[in-house]
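A.B. asks: Sequence:
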Amino acid sequence: MEVDSRDFLNSPPVKTVRFGGTVVETLAKLKRGDSRDYELLKHQLADPEIKDAQIINWLQEFRSCVTQLTKDHEQLIYTILKLPWVGRSQAVVEEYMAFLGNLVSAQTVYLCACLKMVVSHFTPKRVTICEGGVDFSDSDDEDENLPRNFNQCHQALQLITRYVPSTSRFLMPILTENFPFVQKSSSTLECYVHNLLRVAMYIPSIRRDVLELIIGKMLKLDVSAARSDIEEAEDNAVLNQRADERAEEGLFDMDEDMSAGPPSRATGMAHPVADRLDTLMVVLMSYIKDVCHVGGSLHVERTKDLYRDLLTVFDKLILPTHASCHVQYTLFYLCSFRVALAEAFLDHLWKILQNPSQPAVLRQAAAGYLGSFLARAKFIPVLTVRACLDLLLSWIHRYIDSQDSSGRQACCDISLHGPFYTACQAVFYTLIFRHRAMLEGHMKKGLEYLQSLNLERVVMCQLNPLKVCLPSVTNMFASITRTYQVVFCYTIIERNNRHVLPVVRNSAGGDSVTTNTNPLDSFFPFDPYLLKRSVQLIEPLYQVWEELADTELLPTKTGQQGSKEDEDDFLCGETPQTEGIVGMTPSSYESSLHSPSCLGSPPLTFQRP
534 MEVDSRDFLN
544 SPPVKTVRFG
554 GTVVETLAKL
564 KRGDSRDYEL
574 LKHQLADPEI
584 KDAQIINWLQ
594 EFRSCVTQLT
604 KDHEQLIYTI
614 LKLPWVGRSQ
624 AVVEEYMAFL
634 GNLVSAQTVY
644 LCACLKMVVS
654 HFTPKRVTIC
664 EGGVDFSDSD
674 DEDENLPRNF
684 NQCHQALQLI
694 TRYVPSTSRF
704 LMPILTENFP
714 FVQKSSSTLE
724 CYVHNLLRVA
734 MYIPSIRRDV
744 LELIIGKMLK
754 LDVSAARSDI
764 EEAEDNAVLN
774 QRADERAEEG
784 LFDMDEDMSA
794 GPPSRATGMA
804 HPVADRLDTL
814 MVVLMSYIKD
824 VCHVGGSLHV
834 ERTKDLYRDL
844 LTVFDKLILP
854 THASCHVQYT
864 LFYLCSFRVA
874 LAEAFLDHLW
884 KILQNPSQPA
894 VLRQAAAGYL
904 GSFLARAKFI
914 PVLTVRACLD
924 LLLSWIHRYI
934 DSQDSSGRQA
944 CCDISLHGPF
954 YTACQAVFYT
964 LIFRHRAMLE
974 GHMKKGLEYL
984 QSLNLERVVM
994 CQLNPLKVCL
1004 PSVTNMFASI
1014 TRTYQVVFCY
1024 TIIERNNRHV
1034 LPVVRNSAGG
1044 DSVTTNTNPL
1054 DSFFPFDPYL
1064 LKRSVQLIEP
1074 LYQVWEELAD
1084 TELLPTKTGQ
1094 QGSKEDEDDF
1104 LCGETPQTEG
1114 IVGMTPSSYE
1124 SSLHSPSCLG
1134 SPPLTFQRP
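Just so we're aligned: 771 in the working numbering is position 238 of the sequence shown, and the numbers increase by one with no gaps anywhere.
Wrong hints could be hidden among the right ones.
In silico EDC-like pairs for lysine to aspartate or glutamate, Cα to Cα no more than 16 Å straight-line [to be verified]:
id, residue 1, residue 2
1, K911, E1079
2, K658, D676
3, K615, D585
Okay, the calculated beta carbon distance ranges per label pair [stated by the list, open to error]:
id, residue 1, residue 2, range
4, R702, A970, 42 to 52 Å
5, Q593, V642, 16 to 26 Å
6, T612, R565, 20 to 30 Å
7, T555, D605, 17 to 27 Å
8, D923, P706, 43 to 53 Å
Hints are computed from structural coordinates only; laboratory data are not their basis. By construction, the Cβ of each residue, glycine as well, lies at the ideal position given by its N, Cα and C atoms.
Please build the complete structure, drawing on both the sequences and the hints.
C.D. replies: Given below as structure tokens:
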């Protein structure tokens, strides 16, 4: 059968069935007090079965009289904005965008309504699913047209931005308001976060606010998924998988089944909250990589700009949040792109630690980040590690000098000396992980350097840091330093254990005395990463715990060795619980303790004072 050629552009439009007069006539009737056609118009626009040709005809008429669509016709405009234009034919999409452009240009009063409409399409549409005779609503995550639909939304938003340059001022509250509840599906959260980051690409003025919004939501997920809960869920998943395999294959294949490994990384996390967080970490770190690289090469200026934005969010949200396990790895990942970025981050943490005008809780948190970053980041060269240790030890010795010259008896008071103790623990923790790199190939020079740090004075001082630091850290530090005859800590450790000295806390009701094994509420922000999909970006950059050689392990009464079976941390993933102590940072994410959010551009070189 032969199909006749047709001049589409010059052919008459397809006829559609409609009731009432034209839009212009309907508006004129309404002005005279006759609202019947006006109500009929709104009813026809709300028809769920409306056809493409009908939408196009209506939109063309609305465009011709857009100057008449004032605030008096608010309900009509809201009905138009609910038209199902996304995913329709290209002709409908183009006509709808033309209408949006005309509307926001002629009637800026509808700008926010238009923005809300576009943003509402940043997640998969809701569909009704019937299971077991029960209807419930869910997101249509399997819609193969989602990429095309999202593209159309971003085209519309860019169009509005071109017509109304002040759009960015009104957009951020709408993006915040429409953020899905964090308990929504991973796919819904992934779509929304992806679209937010995409908006930040073409409206860069809101990027910092967008990152703050996303990271704030991710932190809520992070702190609600405790490390122990994630590990337990994964262990149970492995056991259940093996049980299912044995049930399927029979007892004869049991030996083979028992050797089965854990589930593939390609699968999701067993812990539902961790699974959502894992999905968002992949999206955010992919965004970081894409922003910082152009044509496969690092773009220095773009990377520095993104670093500044993320650092501001770090200060405002991440640093004051205690016990987050994964979100802070966004900065870890970014700093891996260039040593200068890692040095800038270390310099920033150092300035917070040694600044007496900063709240003690943030200074202690900064020390925790400093030690954990130095210990775990493979990409930090030994020279930088030594430079940081020089700064930390210099500050520690000056602090000891100030206590010695005060004429007062120094005592183990966390509330007075918290930053000092966390700085000491940062030094001990760094040396535990990096001592081999310092000694390899240059044993003599390495030992001379360690001797020059005068660690003996630190552990012997009246403030007694070995009493306050985490026992697993002090014991491992003692083992290593004794092996290389740098410091002998065991006499002090044994004396501390014999005399369990109280930790004094000053409070409004007077001094209270408590005793616990973790008075610093120690928190190592870069402990092993547990999320299975996003870990693939972190793993090549990460320094895992390596068991000490036999020559470095000396048996002691007080020391506790890490299990050989443990995958990474000599801490064995356990931090002693604390009660009635001064915490390092607030245990609640909704903390009012924030450091300044307006920071200048940090230097990209590590500076010594």
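A.B. asks: All hints are to be evaluated individually against the structure, with a verdict given for each.
C.D. replies: Hint by hint, here is what the structure shows:
no., hint, verdict
1, K911 with E1079, "13 Å, holds"
2, K658 with D676, "9 Å, holds"
3, K615 with D585, "14 Å, holds"
4, R702 with A970: 42 to 52 Å, "50 Å, holds"
5, Q593 with V642: 16 to 26 Å, "22 Å, holds"
6, T612 with R565: 20 to 30 Å, "21 Å, holds"
7, T555 with D605: 17 to 27 Å, "18 Å, holds"
8, D923 with P706: 43 to 53 Å, "47 Å, holds"
In terms of the numbered hints stated before, the structure departs from none.
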